[in-house]
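Below, each chain spelled out in residue letters.
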Amino acid sequence: MKKKKTGALAARHHQTGYLYLIPWLIGFLLFVAYPLFYTGFLSFNSVVKNIRGWTMTPMGIDNYFTALFQNTTFTPLILDFAIVELTYVPTIVILSFILAVLLNTKIKFRTGFRMIYFFPVIVLSGPVVEQLMSANTTSVIRIEDILIYKMIESYSEGAAEILLALFNNFTIVLWFTGIPIVLFMNGLQKINTQLFEAAQIDGASPWQILWKVTIPIIKPTALICTIFSIVQIAIFSINPIYGFVLTTIQQNYSNGLGFAAAVALIYSLVVFLFVGIAFLLLGDTEKVIVRENILEKQERKLKQIQRRNRMNEMSIKQLWKALSSRWRYWIQKRKKKGEQGGPFDEDKR
Amino acid sequence: MKINVESFKAIKRKWIGRGGTSGLLGKIIVYLLLIGISYVFLYPLLKMISMSFLSMSDLVDPEVDWIPKSLSFYNYVVVERVLRLLPPSFAEFFKNPGNLIKTLTTISTFAIFQTIVSALTGYAFARYNFKFKKFWFVMVLVSFIIPLPMVTIPRIILISNLQDSIWIPFAQNFQGTGLEETIPRTLFQSNIPQFLFTFFGQGVNSAILILIFYNFFKMIPISLDEAARMDGATSFQVFWHVYIKLVTPIIITVFLFSFVWNWNDTYTPSVFYSTNNPSVTMILSYFDFQFANRAGTIPGQGGEARINEAYKMAATFLSMLPLFILYIFAQRKFIEGIERTGLTGE
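From first to last, the protein sequence lines stand for chains A and B. Just so we're aligned, residue 113 is where the first sequence starts under my numbering, counting upward by one. Just so we're aligned, residue 4 is where the second sequence starts under my numbering, counting upward by one.
Errors might be hidden in some of the hints.
Stated by the list, open to error - Listed next, the in silico DSSO-like pairs over lysine-lysine satisfying Cα-Cα at most 30 Å (straight line):
{"no.": "1", "chain 1": "B", "residue 1": "Lys-336", "chain 2": "A", "residue 2": "Lys-220"}
{"no.": "2", "chain 1": "B", "residue 1": "Lys-30", "chain 2": "A", "residue 2": "Lys-218"}
{"no.": "3", "chain 1": "B", "residue 1": "Lys-137", "chain 2": "A", "residue 2": "Lys-302"}
{"no.": "4", "chain 1": "A", "residue 1": "Lys-324", "chain 2": "B", "residue 2": "Lys-15"}
{"no.": "5", "chain 1": "B", "residue 1": "Lys-221", "chain 2": "A", "residue 2": "Lys-302"}
{"no.": "6", "chain 1": "B", "residue 1": "Lys-105", "chain 2": "B", "residue 2": "Lys-136"}
{"no.": "7", "chain 1": "A", "residue 1": "Lys-302", "chain 2": "B", "residue 2": "Lys-248"}
{"no.": "8", "chain 1": "A", "residue 1": "Lys-409", "chain 2": "B", "residue 2": "Lys-137"}
{"no.": "9", "chain 1": "A", "residue 1": "Lys-218", "chain 2": "B", "residue 2": "Lys-336"}
{"no.": "10", "chain 1": "A", "residue 1": "Lys-331", "chain 2": "B", "residue 2": "Lys-136"}
{"no.": "11", "chain 1": "B", "residue 1": "Lys-105", "chain 2": "A", "residue 2": "Lys-220"}
{"no.": "12", "chain 1": "A", "residue 1": "Lys-218", "chain 2": "B", "residue 2": "Lys-12"}
{"no.": "13", "chain 1": "B", "residue 1": "Lys-17", "chain 2": "B", "residue 2": "Lys-30"}
{"no.": "14", "chain 1": "A", "residue 1": "Lys-331", "chain 2": "B", "residue 2": "Lys-137"}
{"no.": "15", "chain 1": "B", "residue 1": "Lys-221", "chain 2": "A", "residue 2": "Lys-413"}
{"no.": "16", "chain 1": "B", "residue 1": "Lys-17", "chain 2": "A", "residue 2": "Lys-220"}
{"no.": "17", "chain 1": "B", "residue 1": "Lys-336", "chain 2": "B", "residue 2": "Lys-221"}
{"no.": "18", "chain 1": "A", "residue 1": "Lys-324", "chain 2": "B", "residue 2": "Lys-17"}
{"no.": "19", "chain 1": "A", "residue 1": "Lys-331", "chain 2": "B", "residue 2": "Lys-336"}
{"no.": "20", "chain 1": "B", "residue 1": "Lys-136", "chain 2": "A", "residue 2": "Lys-302"}
{"no.": "21", "chain 1": "B", "residue 1": "Lys-12", "chain 2": "A", "residue 2": "Lys-302"}
{"no.": "22", "chain 1": "B", "residue 1": "Lys-30", "chain 2": "A", "residue 2": "Lys-324"}
{"no.": "23", "chain 1": "B", "residue 1": "Lys-30", "chain 2": "A", "residue 2": "Lys-220"}
{"no.": "24", "chain 1": "A", "residue 1": "Lys-218", "chain 2": "B", "residue 2": "Lys-15"}
{"no.": "25", "chain 1": "A", "residue 1": "Lys-331", "chain 2": "B", "residue 2": "Lys-221"}
{"no.": "26", "chain 1": "A", "residue 1": "Lys-429", "chain 2": "A", "residue 2": "Lys-447"}
{"no.": "27", "chain 1": "A", "residue 1": "Lys-331", "chain 2": "B", "residue 2": "Lys-15"}
{"no.": "28", "chain 1": "A", "residue 1": "Lys-302", "chain 2": "B", "residue 2": "Lys-336"}
{"no.": "29", "chain 1": "B", "residue 1": "Lys-15", "chain 2": "A", "residue 2": "Lys-220"}
{"no.": "30", "chain 1": "B", "residue 1": "Lys-248", "chain 2": "A", "residue 2": "Lys-409"}
{"no.": "31", "chain 1": "B", "residue 1": "Lys-136", "chain 2": "A", "residue 2": "Lys-409"}
{"no.": "32", "chain 1": "A", "residue 1": "Lys-218", "chain 2": "B", "residue 2": "Lys-17"}
What the hints assert, rightly or not - The following residues of chain A were derived to be distant from chain B, with all beta-carbon distances above 12 Å:
{"no.": "33", "residue": "Pro-135"}
{"no.": "34", "residue": "Ile-173"}
{"no.": "35", "residue": "Glu-265"}
{"no.": "36", "residue": "Gly-270"}
{"no.": "37", "residue": "Trp-287"}
{"no.": "38", "residue": "Arg-420"}
These are calculated hints, taken from the structure and not from any lab test. These numbers were taken from a predicted model, which means no experiment stands behind them. By construction, the Cβ of each residue, glycine as well, lies at the ideal position given by its N, Cα and C atoms.
The following block holds chain A by itself, in its conformation from the complex (with noise of 0.2 Å):
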């Protein structure tokens, strides 16, 4: 978008948007961005108040130390929460794209299923869930009992407890679908219907459609549901990190919060690691798009759909005449530009 040229009493009105942005501006800089570097100094540090207030004496890498090879609770739990995240996230985004589809179907109460499946949302709490967990309502199979899981266990027992902390918190798992559903509900109503008939004509089967089609449309929105559920599982008390985290900074209040600031950081620092890995995973590569919006986007996929099936409607001897004006085009145009790439390359942009 180009910036349009403006006058000064324009370029005042607008500073006065600081004006509204106030209160969250002095939030943001008092509790978020000066606490994020303050961690950092802190974790380097030994903290200890007294009588004189808070004092400060450097000590290095010494908390770092302690967190990872000294404190035997912390690298295990740190492991654990690393195969919770792992396992976790693609359930959620998965079952919820799933959902998302088949509640995008033509059915009859799909607003009493919507509700269903939306209500967790409004209930999920640490200590309500704990409670459910401590009285044993959230597994609903007996996953030992299965014939699959006795021999996943057989041949390695570390992936059967992976399964079979999965199953057993499952309808916890299940109830963090909820916002990621509604949100790829909203991606998929987005679709332009054009799109899917264009693939129909091409004689597409439902099946290539959802993998050709919607997929890779539907691939922003998975990747926003992802970080959605990387964040909230990172600070939900499900995770084993989370009551570590919370206990050392609750024991150590008046001295060692040097570090708990270290176990803090290692701690998000891993949560950044799984953001990022969700960002190479379903992040564009092409930078492109990140600019193009949806509508875009899908016009340009329409037009290389409608291309092919003109080309197959078109006879051979058309189909040649159409494909070599293409080529000579193409040479013609590298000549003066010394370009590279291929003939249609120009229309994947």
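Given chain A, work out where chain B should sit, using these hints.
Frame of chain A, contents of chain B only:
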């Protein structure tokens, strides 16, 4: 016997259709899946409600699975004593209104302020092109991704410094005036830190609420704004008379979300206000410890109440009941709210 090809085709069309869910078979599969998954979704809640009515003997009885042998509300009576939801007696209502009223008022206050701040911030981002706007907008999203423990410790130090230098001298003026209840001596035994975060736009999931407002303000045509300015309205008048009046439905949605998320949040309270917090969710998180002290005897039977799953489930049900009622009346608003975050690619 001849097979009628036409009728065979008709049957095929009816059951399979043109693939996907257009046929009856596909529909049945979809319904079965949806109903099955709904059952899994609701299983803990159904189990919770059923268990909360079980008596001690029902709990150990293998014959009783879902339906208790006799219906009684004794579990709820015992649990109410632990949670202290209602005032001890009607006469004491104004002195000690009970934890339910206390929680409702604090959470509503948080929600109101969070809604106001989110509206202001969303409006600034939607309607003004100030300098570094893009940068700040990215920062809104960043503040959502950052895990809270990472910023907690400096926040503790900040609040502690605030307490030592400003709050304690201020609170000492009120010693012995009977206001100790409303103006506590230390900040760490009050809702004030949490209120500060909420007031400055860093409450629970504030970023999402800002996004909801941002997208909604963007949808309003700018000509309305210009027309009001032509008539000589000031910036704030435009905001109040044009925008706020137009977005009343979204204000309600944001308020509801804020209410629910604040109700369910235990992280900030457990760092800044962990002892004697009257919030129902916080009491639930310490339920097991407090049960022995507060439960007393079982009504209808002799003997002290010992903690068991039935009591836990009754407490859990009571703690989510207000949200449950809220959801039944306003479920559409919640779903619309998430749809309007614009997270799906606008």
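Going through the hints against the structure:
1. B:Lys-336 / A:Lys-220: holds (20 Å)
2. B:Lys-30 / A:Lys-218: Distance ~9 Å between Lys-30 (chain B) and Lys-218 (chain A) Cα, so the pair holds.
3. B:Lys-137 / A:Lys-302: holds (26 Å)
4. A:Lys-324 / B:Lys-15: holds (27 Å)
5. B:Lys-221 / A:Lys-302: Between Lys-221 (chain B) and Lys-302 (chain A) the Cα gap is close to 18 Å, so the pair holds against 30 Å.
6. B:Lys-105 / B:Lys-136: Between Lys-105 (chain B) and Lys-136 (chain B) the Cα gap is close to 39 Å, so the pair fails against 30 Å, i.e. violated.
7. A:Lys-302 / B:Lys-248: Roughly 28 Å between the alpha carbons, so the hint for Lys-302 (chain A) and Lys-248 (chain B) holds.
8. A:Lys-409 / B:Lys-137: holds (23 Å)
9. A:Lys-218 / B:Lys-336: Measuring from Cα to Cα gives roughly 22 Å; hence the hint holds.
10. A:Lys-331 / B:Lys-136: holds (27 Å)
11. B:Lys-105 / A:Lys-220: violated (42 Å)
12. A:Lys-218 / B:Lys-12: Distance ~23 Å between Lys-218 (chain A) and Lys-12 (chain B) Cα, so the pair holds.
13. B:Lys-17 / B:Lys-30: holds (11 Å)
14. A:Lys-331 / B:Lys-137: holds (24 Å)
15. B:Lys-221 / A:Lys-413: Holds - the C-alpha atoms of Lys-413 (chain A) and Lys-221 (chain B) are around 28 Å apart, at most 30 Å.
16. B:Lys-17 / A:Lys-220: holds (18 Å)
17. B:Lys-336 / B:Lys-221: The given pair, whose Cα atoms are some 19 Å apart, holds under the 30 Å limit.
18. A:Lys-324 / B:Lys-17: Since the Cα atoms of Lys-324 (chain A) and Lys-17 (chain B) sit roughly 28 Å apart, the hinted pair holds (cutoff 30 Å).
19. A:Lys-331 / B:Lys-336: holds (26 Å)
20. B:Lys-136 / A:Lys-302: holds (28 Å)
21. B:Lys-12 / A:Lys-302: The given pair, whose Cα atoms are some 35 Å apart, is violated under the 30 Å limit.
22. B:Lys-30 / A:Lys-324: holds (23 Å)
23. B:Lys-30 / A:Lys-220: holds (10 Å)
24. A:Lys-218 / B:Lys-15: holds (20 Å)
25. A:Lys-331 / B:Lys-221: Roughly 25 Å between the alpha carbons, so the hint for Lys-331 (chain A) and Lys-221 (chain B) holds.
26. A:Lys-429 / A:Lys-447: holds (27 Å)
27. A:Lys-331 / B:Lys-15: violated (35 Å)
28. A:Lys-302 / B:Lys-336: Status holds; Cα separation ~20 Å.
29. B:Lys-15 / A:Lys-220: Between Lys-15 (chain B) and Lys-220 (chain A) the Cα gap is close to 22 Å, so the pair holds against 30 Å.
30. B:Lys-248 / A:Lys-409: violated (36 Å)
31. B:Lys-136 / A:Lys-409: Holds, at roughly 26 Å.
32. A:Lys-218 / B:Lys-17: Holds - the C-alpha atoms of Lys-17 (chain B) and Lys-218 (chain A) are around 16 Å apart, at most 30 Å.
33. Pro-135: violated (5 Å)
34. Ile-173: holds (17 Å)
35. Glu-265: holds (23 Å)
36. Gly-270: Consistent with the label, Gly-270 (chain A) stays out of reach of chain B, its closest Cβ about 26 Å off (over 12 Å).
37. Trp-287: Violated, since 7 Å does not exceed 12 Å.
38. Arg-420: Holds, because the least Cβ-Cβ distance between Arg-420 (chain A) and chain B comes to about 21 Å, which exceeds 12 Å.
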